[in-house]
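**Q** With the hints as constraints, model all of the structure from the sequences given.
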Amino acid sequence: MSKLYSGAEIVFKCLEDQDVSNIFGYPGGAVLPIYDELKNFKSIKHILVRHEQGAGHAAEGYARSTGKAGVLLVTSGPGATNAVTALTDAYMDSVPLVCITGQVPTHLIGTDAFQECDTTGITRPCTKHNWLVKDIKDLAHVIHKAFEVATTGRPGPVLVDIPKDIQFQKTAYKKYKKQKKINGKSHNNFSQENIDDLIHLITKSSKPIFYTGGGVINSGPKASELLREFVHATGFPITTTLQGLGSFPADDGQFLGMLGMHGTYEANNAMYECDLMINIGARFDDRITGKIDEFSPKSKKVHIDIDPSSINKNVKVDLAIVGDVKSVITSAIKSLKKKKSNFVKSNKQKTSKWWEKIQKWRSKRSLDYIGSEETIKPQYAIERLYELTKDKDAYITTEVGQHQMWAAQHYKFNKPNRWMTSGGLGTMGYGLPAAVGVQVAHPNKLVIDIAGEASVLMTMQEMSTAVQYGLPIKIFILNNEYMGMVRQWQELLHDKNYSESYTAALPDFVKLAEAYGCVGLRAKTPEELDDKIIEMLNTDRPVIFDCMVDKQENCFPMIPSGKPHNQMLLGPKDQKEKKITGKGKTLV
Amino acid sequence: MANTKSAYSFAGKKQKLDTHIIVVWVDNEAGVLARVVGLFSGRGYNIESLAVAEIDQKLNISRITIVTTGTPQVIDQIKLQLKKLVPVHKVADFKREDNNVIFKEMALFKIVGSKNKLEKAFKACKKYNAVLLDKTNKSNVIQITALRREIDNMVQNLKKFGLVSVSRTGAVAMTRGAEVFK
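Residue numbers (numbering that gives the first Met the number 0), protein chains in the order written: chain A, 0 to 587; chain B, 0 to 181.
Be a bit skeptical, because a hint or two may be false.
Once the Cα atoms are required to be at most 25 angstroms apart in a straight line, the calculated SDA-like pairs of lysine to any residue come out as [said to hold, decoys possible]: (1) B:Lys15 - A:Asp284; (2) A:Lys376 - A:His409; (3) B:Lys78 - A:His186; (4) A:Lys312 - B:Ala33; (5) A:Lys312 - B:Asn59; (6) A:Lys169 - B:Glu28; (7) A:Lys290 - B:Gly69; (8) A:Lys144 - B:Asn59; (9) A:Lys169 - A:Asp35.
These are calculated hints, taken from the structure and not from any lab test. Small disclaimer: the values here were computed from a predicted structure and weren't measured.
**A** Dropping the structure here:
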């Protein structure tokens, strides 16, 4: 008879077979048997967080920076409910997570037992799938299936709820063999005909644009390489979404920057005016499209996506290609080369006028801002941070708000998996724990959380985690004492009624850093900024950097809500030069 | 343009709604109905009626029939979102007007009244495959199978004959002819 293993042992056996080396978690009554087994599985390192939401975001940071599934282990009841924000965040941004939760023993389920909650019920709408394991014989199969669901197709979070009695029960364990293409639902669902249609549209277009998103990054680093090849083979301009940053090198001449609500003037105008839009792995989010009725009115739209339900959800497209980005681009490059051997050269003439137009938009320099000698402009702080870290292959996480947009605009990414931000859900407090997860995955790399003072306070407790495990994350706070993005909207739309957007009693971040046992730094003037940043980079410990920035600065350019792409608000510099005020701020 | 005062855009034009019957084959496991129904409520889709039962005990398959209304775009989304659920095997979609599909709902009526009224009630039901399931001196339980609106009408008609209680199912559907939906 084969050896019998307890449910708790099987959990770790499965994790071992899935090559999991780190898990993030927090113990509690209903997961104690699993925690008891931890000592017997040396290949799996557990990171003790300070709050289950932190475990979730750390696992997200781990997953996004490695491409592997992030794993978290939490207890029943509050453990599970605290993880819900992170699960929803991962669901919105397609991050593969496996969340293992303890549950009260099966005979107590439904009795309102201590720390009981309907975990599978609560997490049903924010996971790809979840399971309540009621029979020890199902456990191994369910956990392996959970990894498969989380990582195949459009990635996302899954949850396995394991009652405490199941963790004690014993059964046999068969070693898991990873099968290829186990998922019955095939993800590549396109034909050569689709590809030929795409190539036909490409050869016909005189005003084309690539619009690419997080799907490229989720398809693996190879997909980003192929995207580069494809874009260079066409000579077309490219813009990426917030989640797509890094999928195409930001310093490439064909890159127009990010698009959308706080995207560049050239990217948004090109989206409006184009005659061919090739969407690769993006989902026509409302922050991207603006007013949907006036979204890119003159273009043929192609949508390449692994998730069929993303197609025609928000914007009706002319050509849908359902498949993995990597496979689709591979086929497209092959077909393009076959059909037109030197397409870039032969097509140059056709798109030259388009490029001229783009250059004109570019010359607006929409990301420019009015510099200052006295106060640190937040954009300047990001610029300096970029200049001083660009050769260090840094990993950047962010919180949510103005600082996030400034980071997206002014920090230039040339590689995928270097940029971790909460886009879909917009979770304040994401960046600090995410940085913890990234640093766990890449112990020798530079990991910076570009933060706002309001966001970072939401998950500040995870500094304690960073200190415990010697994770030298850098928390770079753009401190303007306001919930900046809230204040910006109030300024624009609510007659400057700054209702509850000012934080009157902020902690002293330098002292706070010291209290946590890490290093606190503060910069107040542009003069001292560089030195302080260098000091931060030279510190081999966790750092909280309190960067006191201009309190009034707003994030431009901007598409106000309910407006199309060609009606952007530009920054104060442009407004000043043109002496446009009031209603005229909206450029037509 | 009016100041929208919103971080979101306004809803576009209202489009015409069609009625569709969506048939979903699922693994009969705990929570599967909640997944399907939760998808509808979470994404703001309608459910007009719902019928669900296991149809294959060996393979453990249930068949869920949902009557819903939506714009063509919404109906497409419903199908695609349903197909993403792990326990869902296949999804069929029929238009209410489709002549190649049979739709049926069942209703039970309890009539209490004089002999004369009971007879009239049963007579009125006859065109809808009426079956007399229970009979006493002053009451009848009648079963009919018909379309939703026909049953609606019968409920109105039978009131004058002493209808005291109605119980009805959601619609179930099946294609005509020898073909089976794959």
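**Q** Evaluate each hint against the coordinates.
**A** Now for the hints, and whether the structure bears them out:
1. B:Lys15 - A:Asp284: Between Lys15 of chain B and Asp284 of chain A the Cα gap is close to 24 angstroms, so the pair holds against 25 angstroms.
2. A:Lys376 - A:His409: 12 angstroms, holds
3. B:Lys78 - A:His186: Satisfied, since the Cα-Cα distance of roughly 17 angstroms is no more than 25 angstroms.
4. A:Lys312 - B:Ala33: 23 angstroms, holds
5. A:Lys312 - B:Asn59: Judged against 25 angstroms, a Cα distance of about 32 angstroms means the pair is violated.
6. A:Lys169 - B:Glu28: This hinted pair holds, its Cα atoms lying about 24 angstroms apart.
7. A:Lys290 - B:Gly69: 22 angstroms, holds
8. A:Lys144 - B:Asn59: Holds. Lys144 of chain A to Asn59 of chain B sits at ~19 angstroms (cutoff 25 angstroms).
9. A:Lys169 - A:Asp35: 15 angstroms, holds
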